[in-house]
Each structure stands twice: as structure tokens, then as C-alpha cells.
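Chemist: Listed in order, the protein sequences are those of chains A and B. Numbering of the first sequence is given in my numbering, commencing with residue 1 and proceeding in unit increments. Numbering of the second sequence is given in my numbering, commencing with residue 343 and proceeding in unit increments.
By construction, these hints were calculated from the structure, which means they are not laboratory data. For every residue, glycine included, the Cβ atom is placed at its ideal position computed from N, Cα and C. Keep in mind that the hints are not guaranteed to be accurate.
[Stated by the list, open to error] Simulated coverage check for chain B against chain A, where a stretch passes if three residues somewhere in it have a Cβ under 8 Å from a Cβ of chain A:
#1 507 to 515
#2 519 to 530
#3 554 to 564
[Unchecked claim] Once the Cα atoms are required to be at most 30 Å apart in a straight line, the calculated DSS-like pairs of lysine-lysine come out as:
#4 B/Lys542 / A/Lys178
#5 A/Lys118 / A/Lys178
#6 B/Lys675 / B/Lys415
#7 B/Lys522 / B/Lys415
#8 B/Lys675 / B/Lys390
#9 B/Lys522 / A/Lys207
#10 B/Lys542 / B/Lys621
#11 A/Lys207 / A/Lys178
#12 A/Lys198 / B/Lys522
#13 B/Lys415 / A/Lys207
#14 A/Lys304 / A/Lys277
#15 B/Lys390 / B/Lys647
#16 A/Lys330 / A/Lys118
#17 A/Lys304 / A/Lys46
#18 B/Lys415 / A/Lys198
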Amino acid sequence: MATTDLRTGSLERHGLSDEQLRDMFRNMLLQRQLDNRGFQLNRQGKVPFALGSEGHEALQAGAAMAFNRGRDILAPYYRDLGLCLGIGLSPFEILLSIFARAEDHNGGRQFPNHYSSKAAGLMSFSSILAAHLPHAVGAAFSLAYRGETGRAVLATCGDGTTSEGEWHESMNFAAVHKLPFVMLVENNEWAISTPLEKQMAQPEIWKRAAGYGMPGRRFNGFDPIETYAAVNEAMDRARAGEGPTLVEGTCYRYLAHSTDDNDLTYRTREVVQERRKDDPVPAFETVLLERGIMSPEDVTAMRKDVLRETNEATDAAEALPYPEAADLYKHVYEGAWEPWQS
Amino acid sequence: MAIKPEAQSKVPLERHGLTNEQLVAIFRTMLMQRTLENRGFQLNRQGKIPFASASEGHEAVQAGAAMAFERGKDILVPYYRDLGLALGIGLTPYEVLLSLFARAADHSAGRQFPHHYASRRLGLHTISSIIAAQLPHAVGAAFALQYRGEAGRAVLTTFGDGATSEGEWHESVNFAAVHKLPVVFLCENNEWAISTPLSKQMGQPDVFRRAEGYGVPGAAVDGMDPIACYAAVGAAMQRARSGGGPTLVEAKCYRFLSHTTDDDDRTYRSPDEVQARRKDDPVPCFERLLVEHAVLSVEQVEALKRSVLEETNDATDRAEAMAYPDAADLYEKVYAEGWEPWTVQRAQ
Numbered sequence: 001m002a003t004t005d006l007r008t009g010s011l012e013r014h015g016l017s018d019e020q021l022r023d024m025f026r027n028m029l030l031q032r033q034l035d036n037r038g039f040q041l042n043r044q045g046k047v048p049f050a051l052g053s054e055g056h057e058a059l060q061a062g063a064a065m066a067f068n069r070g071r072d073i074l075a076p077y078y079r080d081l082g083l084c085l086g087i088g089l090s091p092f093e094i095l096l097s098i099f100a101r102a103e104d105h106n107g108g109r110q111f112p113n114h115y116s117s118k119a120a121g122l123m124s125f126s127s128i129l130a131a132h133l134p135h136a137v138g139a140a141f142s143l144a145y146r147g148e149t150g151r152a153v154l155a156t157c158g159d160g161t162t163s164e165g166e167w168h169e170s171m172n173f174a175a176v177h178k179l180p181f182v183m184l185v186e187n188n189e190w191a192i193s194t195p196l197e198k199q200m201a202q203p204e205i206w207k208r209a210a211g212y213g214m215p216g217r218r219f220n221g222f223d224p225i226e227t228y229a230a231v232n233e234a235m236d237r238a239r240a241g242e243g244p245t246l247v248e249g250t251c252y253r254y255l256a257h258s259t260d261d262n263d264l265t266y267r268t269r270e271v272v273q274e275r276r277k278d279d280p281v282p283a284f285e286t287v288l289l290e291r292g293i294m295s296p297e298d299v300t301a302m303r304k305d306v307l308r309e310t311n312e313a314t315d316a317a318e319a320l321p322y323p324e325a326a327d328l329y330k331h332v333y334e335g336a337w338e339p340w341q342s
Numbered sequence: 343m344a345i346k347p348e349a350q351s352k353v354p355l356e357r358h359g360l361t362n363e364q365l366v367a368i369f370r371t372m373l374m375q376r377t378l379e380n381r382g383f384q385l386n387r388q389g390k391i392p393f394a395s396a397s398e399g400h401e402a403v404q405a406g407a408a409m410a411f412e413r414g415k416d417i418l419v420p421y422y423r424d425l426g427l428a429l430g431i432g433l434t435p436y437e438v439l440l441s442l443f444a445r446a447a448d449h450s451a452g453r454q455f456p457h458h459y460a461s462r463r464l465g466l467h468t469i470s471s472i473i474a475a476q477l478p479h480a481v482g483a484a485f486a487l488q489y490r491g492e493a494g495r496a497v498l499t500t501f502g503d504g505a506t507s508e509g510e511w512h513e514s515v516n517f518a519a520v521h522k523l524p525v526v527f528l529c530e531n532n533e534w535a536i537s538t539p540l541s542k543q544m545g546q547p548d549v550f551r552r553a554e555g556y557g558v559p560g561a562a563v564d565g566m567d568p569i570a571c572y573a574a575v576g577a578a579m580q581r582a583r584s585g586g587g588p589t590l591v592e593a594k595c596y597r598f599l600s601h602t603t604d605d606d607d608r609t610y611r612s613p614d615e616v617q618a619r620r621k622d623d624p625v626p627c628f629e630r631l632l633v634e635h636a637v638l639s640v641e642q643v644e645a646l647k648r649s650v651l652e653e654t655n656d657a658t659d660r661a662e663a664m665a666y667p668d669a670a671d672l673y674e675k676v677y678a679e680g681w682e683p684w685t686v687q688r689a690q
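Sequences are here, hints too, so could you generate the full structure?
Modeler: See below:
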């Protein structure tokens, strides 16, 4: 796969239509808009917490395009807003989660930005780093065990998670049993306040693949098309029963870890500003404009539409009630079991 | 150095700087390991001890690695199949038998699992039965050496192929790599994790290939060749002592016996498979090499074997004659200052 230069040279589409390219771009715009909305609502005192995925837009929009809705299973981590939007979650559902309203998939009981949707094949999130990977590998094992060919599990994590024992055990187990599993690492160089050089002695996560006996590859996570191609190839391989792949997308975390974090205590504004030149959202916009896939008017209209959708979803979610105290055990135990009854 | 019997006379003796005396010391450790190993199984079958684990097939890697350990400076954090390493760094057969007999005079006062030695004098860390649990401890000890600026010292830690699938293994190797710690990870790959064969343990069969992903050097060595093992572990230890950071060394060997006296390996592998691997048995192979190159005469080998057996017999008799720990000593090596839980309860 040739590296796509987003600004010069020929555009390698990897089979993506104009419509799909526009869909990816809209996902990226929506992701950024919702990210900002989460931070705004937090600073307004309306939501307790939000996570920022700015810098991950291209990677997540590209990976979502490689996900086969209705067949594949997604086991994401907590910084996967764009992936979840890309596989079908609506902005309204995102805002229900952030506002912790009763109508949220988790009844407003999960952490904000921790979605789940049985309809979308979206597994419930874990805040514990790497805890979702044994679950993801278990889901892949069950696909293999039941002979459900043509389906695969896409699991994601950040660079920090690769230092966890569960990451290693999951990778090894998937490799031994040749499971239909794709490990997508979104390497944004920061694990909260820990920089990559204090996380690993060599900076390329994909190089761990050979030690497990599975293919590994690295791609530019600021390029949604290259991301799509790399993840799609790995997912196809998994769906065809050829086993797991480790794919590493390089990106950057532009915001603080979450609304509870102040990144100026561990990195300078200048360092972040310098990396803004690679910001995938304006970069992909330029590509679409230069190739005539979108006109400036199209882009403006799309931005307006994304903002309108975000505003409407915000108002609709905010107007809904919190869960009732009496519903505390609703999504925990089967039936109406409540501990004080026993 | 390949020590295949049929090609032996054509193979030069690559000493890697080892003197005749050191080669003989390595061979004696290997003989002692095997004799003590058999003694553990015998005593178990006689009903005299509850349990013994088996390291037959690991003699060469352990005797070679022990020769690379600097007594009085380095720290050893082994696993439970490291009889030869413990002997090689100075543990006596009597101490080993005190552990097997679980006598009060044992280093752990007879309270630890058999074959789980410990010796502060020798720099021998207490052994964990939990697979890979020793590795964070080993890396912590290496971190302490670095933190205190104790240059010229290193930690040698060992484990089997099964331990490499544990999360703690990964976290330990990664942490050591990030901080460039003075630690050597020696994998004794014997192809069996109790009843799990290597093919069900890993997606590819070479543990040392994981090193690159951590940014540390990795090397594979013939674990049936004690001199090659000495050279590989020695180079890694030297690198660690001089601040060069950790190394992953994989010694390929084989487990000839069952996992322990509690295991029957015929339920998961055939005696034919084991028999076929006996041609690589490091003890007779190294004996032939030493005789071939006149490092030892046939008579000297016989004398060595007799002396090892006598020492084992003597140690067995002495250890068996010692007393079990008293029930009243239960907390002796657990808490400082004679603290006993029932004392506290009474005070309350």
C-alpha cells in the first residue's frame, strides 16, 4: 500500500467512492464538533466529564469505514467517539451518555463517553486500560468456536495500554488460536501525562507483532484513506480465517486527556501548536477541495449541518430526565432482582 | 559448539575463556543436579517428602548460567525449576535437601514449597510458585541497583516458556527496557508448560524474537550446551553490569521428566517422544566432550560421580535426621518482632 500524500501526488482511493470520502469527512467534522461540545458543557457545569479525541478523527473515520455493520464487533476504548459515530451511533446517543440521562443505553449509569449498543455490535466500554482486550479476544474466540466465518472483532487501544499485561495476554492468545481479531493501536504519543519514550524503549508498537507470530503494520493515522486501507486489509484477513493482525496508526492528542486534566502541567502549548500543522480535519478538507470532491460551498453547508445536528441533539438530550434512583439495578441484574429484597 | 556424539571428535572445544577447572566445576554442578533430582523423586516415591519438581534437561543451561553469575555482587531471581542454578551459585546439597524435607533448619524454616530456596548470603531471592510473579520483583531489584547507583551489579532472572504468556512477563520486560535496567531475562524454553506444548503457548516458537518489540537485544542459545549458555548469559550480564540495559536470552532445552512428582506426563506426551530427545541429553554429551578433549579422564569422571553420590547420600541422611519446625514457630519468618496474631486478638 503506497502512502497517500494528502496534499500532493495522485490520490490513492483504495476503492472508496466520492460519497464514502464525504461520509468520512462528515464523521470527522461531527467528531470534532461533539468533542468541543463535551468540553463546553463541562465548563458550563452541565456535564461532569468528557474525553477529548481531537487528533484521532482521521484514524477513527477511516477505521469505521472498514467495519462491516451488522456483522463485525467493535471493542473500543474510551477515546473512540469517531469510531462509534462511524459505525452508526447518533450524536443524540453520544449526548445522552455525556448528560447521563435515563434514556442512555446504559441508563445513564456508565462513565460519560462510554457507549454501548447491541444493535451496532458495540461492546460496553471499560475505563480500566486493556481490560476490554480479553473480552474482545473472547468474542473473537466465540466467533471461531461457533464457526461464524465472515465476521471479525475490531479492538482499539492507545499506546499506554500496550504496556499492560492484559494487552500481551490477549495478543498472544489471539495469535495461538488464529482468532478473527484486529488490534488497532491509536498511538497518540501520550498516555495521560506519560510520553511515549517513557512508555516503551523503542517507539514502534507494530514491531511487537513478529514476537507473537502475527503480521504487523504501521500507517499514518492522520490519513483516513490510508487508515481505511490498513484496517480493511486486516479485517478481511480476520474474516477469512487467516488470524489476527496488529495495526498501529500514528496520530496525536491535541487536547488534555479529559476535562479533568490540565496538559500544561506536563507539555508546553508550543509543542502541541507545532503538531497542529498535521491536524487531519483541515488537511482532509484541503484534499477534498483540491480534488473537486467537495466545493467550498459544500464544505460550509456540511459544517452548518453538523453544527445544527449537534445543537439539536444537545437540546434534545439535555431536556430528558436523569435516571430514577429506583432504577439503580435496572441494567445490572436479570429481571427485577434487587439486593434489598433478598 | 555442537556436541553431537557422532561429530564430537571433529568439533573443537570453544572455551569462551573458561579454564579446565571451571569446565569441571560446570560438569560437577550438572552431575549434582541430576543426582539430587533423582533423589527428590526417590524420596517422594518412598513417601518421605510430599513433592519435588524436576529439572532434568536443564542441567547445561543452569550450570552455564551460574558460571556467569558473580557471587557476592549479582542477584538471582529464579523460578521453581532452577536446582542447578541455585547449586551453581553456592547453595549446598544439604540446603536443597532441607528444603525438600521441609525441616526447621531450612532457610524458610521448612515453611516454603519444596525446591523454593532462598539465601540472602548468596543473593538468591525467594522463589514464587506463581508463574511470572518473580519478574516484577526481579525488575524492582534491578531498579534499586540503578537507583542507588550500584554499578557493576546485575540481576539474573529465569522462567520457563509458559511464563512468557503472562502479563507480568510483558510488563517486566517493558519496564526494564524503558528504564535500561541491569537485568537479564533468561528463558529456559523446555517446550512444555506442564502439559501445554509450545505450539499452544505461542503463535511462533522463538521467545527471543519478542526482544525487538521491547527495544532490547535478544539472543537464542543451545540450552543443551553449557559453554554456549555461559557465553550468552555472561555477555548479557556484562552488558547489564556496565549500564547497557537488559537482554532477553532464550536457551532451548527440554524437560525429560514430568512437571513434578505430582504429574504424569504420559497423559499428554508419549514416552517415545521423550526418548527421541534423550540423544541430546546434556549430561552424557558434556561428559563425552570433556573426555574427548582430555579435560577429564574416564577415571576422573567415575571419581566425580562417586563423590557427587556420596555428598548427596550424606546430605540426605543429615537433612532427614533434622527436626520439623514447631507449630509455635508458624509466624517466625512472617512478621517482625515475634508478632503473633493471637497475641493481638487477646490484647483486644
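Chemist: Taking the hints in turn, state whether each one holds.
Modeler: To see whether the hints hold, each was checked on the structure:
Given as covered by chain A, the stretch 507 to 515 of chain B passes the check, having 7 residues with a CB less than 8 Å from a CB of that chain where 3 are the minimum. With 3 residues carrying a beta carbon less than 8 Å from a beta carbon of chain A, the stretch 519 to 530 of chain B meets the three-residue requirement, and the given coverage holds. Only residues whose C-beta sits within less than 8 Å of a C-beta in chain A count toward coverage, and the stretch 554 to 564 of chain B has 5 of them, enough to reach three; the restraint holds. Taking the CA atoms of B/Lys542 and A/Lys178, the gap is near 11 Å; set against the 30 Å cutoff, the hint holds.
Our distance criterion of 30 Å between C-alpha atoms is met by A/Lys118 and A/Lys178, whose separation comes to about 25 Å. Of the pairs offered as hints, the one joining B/Lys675 and B/Lys415 holds, with about 25 Å between alpha carbons and a cut-off of 30 Å not exceeded. For a cut-off of 30 Å, the pair hint linking B/Lys522 to B/Lys415 stands: about 19 Å separates their Cα positions. This hinted pair checks out: B/Lys675 and B/Lys390 have alpha carbons roughly 24 Å apart, not beyond 30 Å.
For the suggested pair B/Lys522 and A/Lys207, the alpha carbons sit about 19 Å apart, so the restraint of at most 30 Å is met. Straight-line distance between C-alpha atoms of B/Lys542 and B/Lys621 comes to about 25 Å, which keeps the hinted pair within the 30 Å bound. Proposed proximity of A/Lys207 and A/Lys178 is supported: the alpha carbons are some 18 Å apart, at most 30 Å. This hinted pair checks out: A/Lys198 and B/Lys522 have alpha carbons roughly 11 Å apart, not beyond 30 Å.
With a C-alpha separation of about 35 Å, the suggested pair B/Lys415 and A/Lys207 falls outside the 30 Å cut-off, and the hint is violated. Annotation: proposed proximity of A/Lys304 to A/Lys277 holds, straight-line Cα distance about 24 Å (limit 30 Å). Between B/Lys390 and B/Lys647 the alpha-carbon distance is near 24 Å, which keeps this suggested pair within the 30 Å criterion. In summary, the hint linking A/Lys330 to A/Lys118 is supported, as the alpha carbons are separated by about 17 Å, within the 30 Å threshold.
For the hint linking A/Lys304 to A/Lys46, the alpha-carbon distance of about 24 Å falls within 30 Å, and the restraint holds. As the CA atoms of B/Lys415 and A/Lys198 are separated by approximately 29 Å, the hinted pair is consistent with the 30 Å bound.
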